[in-house]
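Whole structure, please, built from the sequences with the hints as guidance.
Each residue of the sequence shown is one higher than the one before, starting from 11 at the first, in our numbering.
Some hints could be false.
Simulated restraints on C-beta separations [what the hints assert, rightly or not]:
id, residue 1, residue 2, range
1, Arg-118, Thr-61, 48 to 58 Å
2, Arg-159, Val-124, 48 to 58 Å
3, Arg-157, Ser-20, 16 to 26 Å
4, Pro-147, Thr-61, 39 to 49 Å
5, Val-141, Thr-61, 35 to 45 Å
6, Val-124, Thr-170, 39 to 49 Å
7, Ala-217, Pro-147, 19 to 29 Å
8, Ala-217, Gly-96, 23 to 33 Å
9, Gly-96, Gly-40, 17 to 27 Å
10, Val-225, Pro-26, 25 to 35 Å
11, Pro-80, Pro-212, 35 to 45 Å
The set of hints was computed from the structure by calculation and includes no laboratory data. Backbone N, C-alpha and C define an ideal beta-carbon position, used for all residues, glycine too.
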Amino acid sequence: MQLCIPGDCSGFASGPAQCDGNRCFEWEEGAGRCEFAGSVAVGEPCTRGSTASSQQCVATAWCDAPAAQPSAGTCRLMCDFWGSPGCGVGQLCEQITDAIGVCVPAQRVPLFDVCQNPGSPCNDRAVCLTVTTQAGPENLCMPLCRRERTDCAGVRLGVTQTACDWNTFRNSTSVGLCLPPCPGAACAEGQSCLPDGTCARPCDTDAACQPSAPVCFDGICKPSGS
Numbered sequence: 011m012q013l014c015i016p017g018d019c020s021g022f023a024s025g026p027a028q029c030d031g032n033r034c035f036e037w038e039e040g041a042g043r044c045e046f047a048g049s050v051a052v053g054e055p056c057t058r059g060s061t062a063s064s065q066q067c068v069a070t071a072w073c074d075a076p077a078a079q080p081s082a083g084t085c086r087l088m089c090d091f092w093g094s095p096g097c098g099v100g101q102l103c104e105q106i107t108d109a110i111g112v113c114v115p116a117q118r119v120p121l122f123d124v125c126q127n128p129g130s131p132c133n134d135r136a137v138c139l140t141v142t143t144q145a146g147p148e149n150l151c152m153p154l155c156r157r158e159r160t161d162c163a164g165v166r167l168g169v170t171q172t173a174c175d176w177n178t179f180r181n182s183t184s185v186g187l188c189l190p191p192c193p194g195a196a197c198a199e200g201q202s203c204l205p206d207g208t209c210a211r212p213c214d215t216d217a218a219c220q221p222s223a224p225v226c227f228d229g230i231c232k233p234s235g236s
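Okay, structure coming up:
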């Protein structure tokens with residue numbers, strides 16, 4: 011059985027008001043849970059999951075720590091990933107949920123240009139990904155988008171207006187990449203043009219997606235590990 015549980019608060023900026031001075035951790039747009047906030051300032055060391063005030067970040071920040079090293083965290087300022095991030099110079103908003111991110115040190119590069127650190131933010135609402143091009147695998151700065159939203163408006167690859175291809179990531183059908191739509195760029199061999207203008211390879215088993223080693227998810231082939 012699946013239950014819909016109402017959120018405690020409406021967004022990270024509402025935390026102090028709606029959570030009695032504590033943090034609102036927004037897991038999706040407009041819905042979050044109240045979490046204990048401590049006294050550790052932005053940029054200072056913290057411990058993920060600790061209930062001690064001396065180890066927890068202030069209400070406007072979140073403890074960014076490796077999963078395997080929860081005690082090696084840093085308090086990062088939370089940011090509006092899909093809106094105006096508000097991060098400082100030399101920082102970008104790194105997405106941590108469908109709604110929010112944290113400000114991390116990062117180098118800004120133009121969309122679709124070569125980037126250096128796969129998995130890291132490279133521009134507003136963009137992430138560095140390893141993609142296959144005619145020249146082979148390359149790390150490119152790829153713009154992210156939400157399904158049935160206008161995030162790709164004005165995002166062009168060359169002169170071609172992109173569309174949101176939400177078939178890109180295995181674990182999400184709500185977030186995808188801004189890519190040229192089918193009419194402007196023919197789908198690769200074995201792929202079909204879906205009604206929303208994105209390319210996907212239909213499948214019924216993982217084996218049908220070989221030899222490029224993606225997986226079959228919701229009837230279409232998606233990159234492994236996405």
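Each hint tested on the structure:
1. Arg-118 <-> Thr-61: 48 to 58 Å: 36 Å, violated
2. Arg-159 <-> Val-124: 48 to 58 Å: 27 Å, violated
3. Arg-157 <-> Ser-20: 16 to 26 Å: Between Arg-157 and Ser-20, where Cβ atoms are some 21 Å apart, the hint holds.
4. Pro-147 <-> Thr-61: 39 to 49 Å: 44 Å, holds
5. Val-141 <-> Thr-61: 35 to 45 Å: Since Val-141 and Thr-61 have Cβ atoms about 42 Å apart, the given range 35 to 45 Å holds.
6. Val-124 <-> Thr-170: 39 to 49 Å: 19 Å, violated
7. Ala-217 <-> Pro-147: 19 to 29 Å: The hint (19 to 29 Å, Cβ to Cβ) holds, given that Ala-217 and Pro-147 are roughly 23 Å apart.
8. Ala-217 <-> Gly-96: 23 to 33 Å: Violated, at about 47 Å.
9. Gly-96 <-> Gly-40: 17 to 27 Å: 18 Å, holds
10. Val-225 <-> Pro-26: 25 to 35 Å: Violated - the Cβ-Cβ distance for Val-225 and Pro-26, about 42 Å, lies outside 25 to 35 Å.
11. Pro-80 <-> Pro-212: 35 to 45 Å: Taking Cβ atoms as reference, Pro-80 and Pro-212 lie about 41 Å apart, which means the hint holds.
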